[in-house]
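S.K.: Can you make the complete structure from the sequences, with help from the hints?
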Amino acid sequence: MAIITLTSDLGLRDHYVAAVKASILSQSPQAILVDISHEVRSFDLHAASFLIRNVWQQFPLGTVHVIGINPELTARTPHVAIHYLGHYFIGADNGIFALIFEQEPEEIFEITLPQGDDWTFPMKGVFATAAAHLSRGGAIEFLGQRVHSFNQALLPAPSLEGDLLKGHVEYIDHYGNVYCNISKSLFEQVRKKRRFNILYKRVGFAITKISNYYTDVVEGERLAMWSTGGRLMIAINGGTTMHGGGAAGLFGLEVDDVIRIEFYGDPNSEDDFQD
Amino acid sequence: MAIITLTSDLGLRDHYVAAVKASILSQSPQAILVDISHEVRSFDLHAASFLIRNVWQQFPLGTVHVIGINPELTARTPHVAIHYLGHYFIGADNGIFALIFEQEPEEIFEITLPQGDDWTFPMKGVFATAAAHLSRGGAIEFLGQRVHSFNQALLPAPSLEGDLLKGHVEYIDHYGNVYCNISKSLFEQVRKKRRFNILYKRVGFAITKISNYYTDVVEGERLAMWSTGGRLMIAINGGTTMHGGGAAGLFGLEVDDVIRIEFYGDPNSEDDFQD
Amino acid sequence: MAIITLTSDLGLRDHYVAAVKASILSQSPQAILVDISHEVRSFDLHAASFLIRNVWQQFPLGTVHVIGINPELTARTPHVAIHYLGHYFIGADNGIFALIFEQEPEEIFEITLPQGDDWTFPMKGVFATAAAHLSRGGAIEFLGQRVHSFNQALLPAPSLEGDLLKGHVEYIDHYGNVYCNISKSLFEQVRKKRRFNILYKRVGFAITKISNYYTDVVEGERLAMWSTGGRLMIAINGGTTMHGGGAAGLFGLEVDDVIRIEFYGDPNSEDDFQD
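These protein sequence lines are chains P, A and S, in that order. Take 8 as the starting number for the first sequence in our numbering and just add one per residue. Take 8 as the starting number for the second sequence in our numbering and just add one per residue. Take 8 as the starting number for the third sequence in our numbering and just add one per residue.
Looking from chain S toward chain P, a few residues come up when the C-beta cut is under 7 Å (computed):
| id | residue |
| --- | --- |
| 1 | Ala29 |
| 2 | Ser33 |
| 3 | Glu79 |
| 4 | Asp125 |
| 5 | Phe128 |
Covered by chain A, according to a simulated footprint, are these stretches of chain P (three or more residues, beta-carbon under 8 Å):
| id | stretch |
| --- | --- |
| 6 | 30 to 42 |
| 7 | 121 to 133 |
In short, the hints are calculated from the structure, not lab data. We treat Cβ as the ideally placed atom computed from N, Cα and C, and that holds for glycine.
M.R.: And the structure:
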């Protein structure tokens with residue numbers, strides 16, 4: 008029996024998440040439900056896509072991911088079920104899939120199940136029905152009509168200007184850790200073993216090395232490290248939004264702020280940087 | 008194996024909910040536990056009853072609903088297990104059942120299980136034991152002594168004064184959506200296809216139609232629609248308490264505030280209202 | 008299939024808890040996951056140990072408890088799996104086990120599994136792997152190397168000075184209830200049926216009896232009672248941090264504040280105290 012993950016801005020205070028689970032379990036009693044988050048900032052496609060992007064592949068093949076951000080059915084945002092690298096994704100085609108996928112999906116179906124009484128609450132209605140069906144091993148073809156594309160949305164890419172690599176802040180977590188859209192592979196490719204300064208809003212706080220552990224620096228000190236997803240992260244060892252501020256609070260960083268990396272020195276020279 | 012739902016004001020920060028789950032799983036290892044909410048406002052019977060009323064029937068027949076609001080056993084609030092429309096409800100008879108049920112339950116039993124060490128924490132004590140028993144298919148008769156009534160509590164009903172239907176705000180969700188105690192069936196029965204103004208605290212913001220979707224109005228605009236439970240809901244398209252305010256914040260609405268609907272024009276005349 | 012409990016400061020807003028669950032379920036698809044709390048104050052070993060201490064023993068024998076507080080692997084804080092009174096505990100040996108256990112554990116193993124890509128996120132990495140292994144009935148010996156001690160940490164004990172018993176505040180829950188480190192057995196042993204005053208920060212608010220129920224005092228009144236774990240708790244009947252303040256807020260009590268109990272009168276005299 009497949010796992011079904013749930014991501015939404017429904018919150019945990021009201022009865023909405025329970026209604027979705029009741030609907031799924033009524034149709035697929037053995038389904039294993041895992042919440043990714045129900046506290047995504049309301050209507051924030053980018054935040055939702057960040058969370059799903061960083062976790063979906065860690066679930067087993069065959070997992071069904073239900074996405075309840077801006078799920079309303081409109082002429083421009085049909086409900087779809089997508090088969091992608093052995094997983095299933097269900098949601099409104101409002102651009103979020105373009106923010107999650109890095110290649111073409113195997114199959115895309117526009118869901119044509121009757122909307123029923125729950126048309127204003129698709130997660131409990133057609134998304135739950137489609138997820139229950141897939142979790143029971145049902146064929147994706149039964150959910151609707153095959154289509155061949157989905158709506159595009161731009162995940163802004165880092166840019167390279169000479170020796171300057173420019174990215175931006177993608178997400179700030181509840182510790183105040185700052186996730187950037189610069190991947191380790193791009194960084195190393197541009198860097199060619201040169202020295203570098205990671206620069207951001209707050210002048211005078213450049214970071215000049217990548218740490219392996221938070222504890223590579225003293226408590227309260229800033230650091231950069233690779234997230235488990237392989238993206239650049241700026242953090243404070245022992246800092247949190249509750250304890251006098253994580254990196255985001257201390258440096259005044261917000262989503263979409265620019266992060267610059269200046270490279271200098273001789274390429275491929277040996278230096279004291281430990282990867 | 009039956010589903011057991013949990014509703015309480017225990018919160019998610021402390022170990023209390025885990026203690027309840029440990030107790031249930033120790034006695035019914037295969038039980039499927041679903042949280043309705045543990046963030047009900049403390050001691051708020053009305054909020055708890057609103058959540059349960061809107062979700063219990065979406066669970067499969069045989070589901071056991073454990074209610075941990077004001078659960079203390081007193082002479083006036085015995086612990087009871089109730090069989091109602093094929094579901095089971097367990098809690099203290101503090102009036103909440105009168106707020107949930109719309110007709111007479113099949114069976115009511117006063118729980119006479121020994122209170123044990125957990126008498127100050129009934130959800131972990133007798134409620135967990137009773138729920139585990141029922142979830143394993145045990146007979147409700149084994150839980151105690153049959154009784155024939157439960158404590159009454161008043162869920163204030165809407166009133167009709169000539170062409171004016173008066174209800175009140177029952178619940179405000181985390182988006183700031185405002186739920187009223189006016190049902191679609193009552194509304195249509197009074198309306199007789201006439202035009203209407205939905206009026207509330209903030210003068211000059213009457214709503215004159217019922218929308219089917221949030222997106223029937225432009226972003227930031229007010230609307231009325233029927234909730235999935237069939238009650239009148241006042242909302243803002245794209246508004247949330249986090250983004251400059253949902254309907255509750257913008258219009259200063261609070262639980263128990265009056266909502267008035269004035270009907271006018273000729274009954275059963277055709278008009279431009281689209282249902 | 009064993010239950011796996013999770014305790015951390017990962018929060019519920021980000022994707023971190025889902026990543027841990029994905030990792031466990033990929034390796035042990037039938038595992039039953041129960042969250043103790045993911046809202047422990049960041050880096051707060053004492054708060055985490057309080058929660059686990061009060062709930063672990065309520066789970067069935069064989070349960071695996073994964074502890075994600077300060078989980079980083081350092082030379083002084085090895086990752087360990089511990090067999091204790093029929094349960095398993097997994098975490099970094101940062102002192103937390105000394106705060107949870109009251110006697111010597113059966114077996115301690117230093118985990119020597121390869122750290123893999125998740126070395127910065129041990130809950131998702133080796134902790135998940137070790138927990139999945141144990142939940143499938145795997146032998147603890149396979150996880151690493153047997154060791155014979157763990158790091159000590161001091162859980163400050165109450166002190167007795169003549170007729171004065173001094174303890175401190177261990178934890179404050181989301182209702183504002185104040186948990187002290189004074190056990191019922193110590194209290195009774197010192198008390199010898201004498202009268203007593205429970206004294207704390209706010210002068211003039213001594214408590215002179217132990218209640219059995221919140222409702223033993225009128226609403227809004229202070230009381231002392233024994234927690235389900237048998238520790239002294241100071242509370243307000245019907246008080247919460249959201250409703251004008253629980254006990255912590257009203258009396259200005261914080262973690263580590265001193266609680267004093269003065270005993271007076273004749274030992275073993277009968278009095279009006281009802282236990």
